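Single-letter residue listing:
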Amino acid sequence: MTVEEVVPKNADHLDAYIDAAAQVLGLTVKPEWKPAVRANLEATFKLAALVAEKELPDDAEPAPVFHA
Amino acid sequence: MPSPRRSSTPEPAFDSAWTGASGIAEAVTAGRVSAVRVTEDALARVMERDPLLNAFTDVLAERARRRAQTIDAARAAKQPMGPLAGVPFAVKNLFDVTGLPTRAGSKINRELAPATQDSPLIARLEAAGAVLVGALNMGEYAYDFTGENAHDGNAHNPHDRSRMTGGSSSGSGGAVAGGLVPLSLGSDTNGSIRVPASFCGLFGLKPTYGRLTRARTYPFVSSFDHLGPLARSARDLALAYDAMQGPDAEDPVCADRPVEPVTPALARGTDGLRIAVAGGYFRKGTFPEACVAVQRVAAALGANGDIEIPEAQRARAAAYVITASEGASLHVERVRTRAADYDPAVRDRLIAGAMIPAALVNRAQKFRRWYRGEVLKLFDQVDAILAPATPCTAPAIGQQTFVIDGVEVPVRPNIGIYTQPISFVGLPVVAVPVPLSPLPIGVQVIAPPWREDIALRIAYALEQAGVCSAPRPTF
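Chains as they are written, first to last, in the working numbering: chain H, 8 to 75; chain W, 284 to 758.
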């Protein structure tokens, strides 16, 4: 999986993604908040891309700890 | 009962500001000073110094006095005193404290009903004789490395009050470094004990993930949340840690392990321990002070070799993604309805975090499992790893950027670049203070899971060698 498969590819898409996600999630993003939200999301996607680039087998187990 | 301040038999001079928890407990147990006297002195220091530091959000004077009187009464009755007899301590205000709403550094949470029970870690410290004197400032909802807080005001570093304490356990750093109390509790999700320990020049312990119960504390990122102590010596950390260990069914993450005391073996020395310095990622982006600190510690321990923690940069990235997502998951409903009541810097990150696709978060958790396996293999070769705690000494309050490797980057997310890859897989760490001038800086002593004893032994040895110490500020 590459990050491009799941996240917007360029700046215009990121703005559109924020607008759409805010609407779907019922979140208000005031115009004056948007640059910071965008910067944070962009930084997170870049880091997520770094993680997603790591080749892992399909049967790799996620890590959360749960003791039943 | 008459006030101790009006006692007709004054006690001999005792400097409880800098004596440390173990020294106070010894003196109280031996009857050289009363718990009431130590408590009154701590309360007086809080009144005097906290206006400069803004470490405390709540002072529990009457509760502390009652508790101290109980300890003195126990001594008079020749009852057991406990290893922390009469030691004043304070907790980050995300711990439940009876009678206080657990504000977790926020505006919103102070509308909660007051807690009806103390956090079990508070109860365990008090059962060992310690005296809770207050609750401490912190970054909003623990999403912070700076110690800045839009609601309660910024915490100030006792060594230079224009500088950050670090966060998010900001008051936990300022209160102990400023000599207000010898012991505090904080939480560490991505570095929030180790960063203030580094900036404030303290010893800080982030135990193994699952070692200390997190029951009745306000969460941030369950995957990474840890609790632990900050103090001015390794022995004080060990005493507090031993008092807090043990299973707790109230926290499903808390391990069902017996208490494994570390204090008895603290002075065993470091002979036979294989200690290496983290190379690669942990040598990039450091300011000169961080390099000097690691070199001094490594030289004192005879740690000559480097060891590569594989994929540490990716581990930090995955920790960042999981934090953003889990943090947003916790807060999204409040962000919908009360966005204006959040610190803007926290709000904007939570909104962004709510928009991260689940596939990316799951991917990060899969990477975490892989990385854990790779890191654990390292401990076949070594018993402990040294790494910087922070890339720099405390930045100025309000500072937005610094330059790392010639690139200007934002301060806030980059303070934790060396702590995040370690807490990501829950390894125990003692942050040890190297008293550089003008500001101290910390080094992480990283041990295998469940081997806090190793990290604390090394910290103690560094202290005995005079390499690490908590510097005293001037007021």
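Keep in mind the hints are simulated off the structure, nothing from the lab. Any given hint might turn out to be false.
Quick list of the computed label-pair ranges, beta carbon to beta carbon [claimed, not checked]:
1. 399/W - 23/H: 44 to 52 Å
2. 547/W - 60/H: 21 to 29 Å
3. 349/W - 68/H: 24 to 32 Å
4. 38/H - 624/W: 29 to 37 Å
5. 690/W - 40/H: 21 to 29 Å
6. 38/H - 393/W: 43 to 51 Å
7. 619/W - 69/H: 50 to 58 Å
8. 596/W - 69/H: 54 to 62 Å
9. 393/W - 69/H: 51 to 59 Å
10. 567/W - 67/H: 24 to 32 Å
11. 690/W - 42/H: 16 to 24 Å
Derived, one-sided and incomplete: chain H residues facing chain W with beta-carbon distance under 7 Å [as the list claims (entries may be wrong)]:
12. 21
13. 23
14. 30
15. 31
16. 34
17. 38
18. 63
19. 66
20. 67
21. 70
No experiment lies behind these values; they were computed from the predicted model shown. Using N, Cα and C, we set each Cβ at its ideal position, and we do this for glycine too.
So, going through the hints one by one against the coordinates:
no.	hint	in the structure
1	399/W - 23/H: 44 to 52 Å	48 Å, holds
2	547/W - 60/H: 21 to 29 Å	47 Å, violated
3	349/W - 68/H: 24 to 32 Å	51 Å, violated
4	38/H - 624/W: 29 to 37 Å	19 Å, violated
5	690/W - 40/H: 21 to 29 Å	26 Å, holds
6	38/H - 393/W: 43 to 51 Å	29 Å, violated
7	619/W - 69/H: 50 to 58 Å	28 Å, violated
8	596/W - 69/H: 54 to 62 Å	20 Å, violated
9	393/W - 69/H: 51 to 59 Å	36 Å, violated
10	567/W - 67/H: 24 to 32 Å	27 Å, holds
11	690/W - 42/H: 16 to 24 Å	20 Å, holds
12	21	10 Å, violated
13	23	12 Å, violated
14	30	11 Å, violated
15	31	9 Å, violated
16	34	6 Å, holds
17	38	13 Å, violated
18	63	6 Å, holds
19	66	10 Å, violated
20	67	4 Å, holds
21	70	4 Å, holds
This entry does not satisfy hints 2, 3, 4, 6, 7, 8, 9, 12, 13, 14, 15, 17, 19, going by the numbered hints stated previously.
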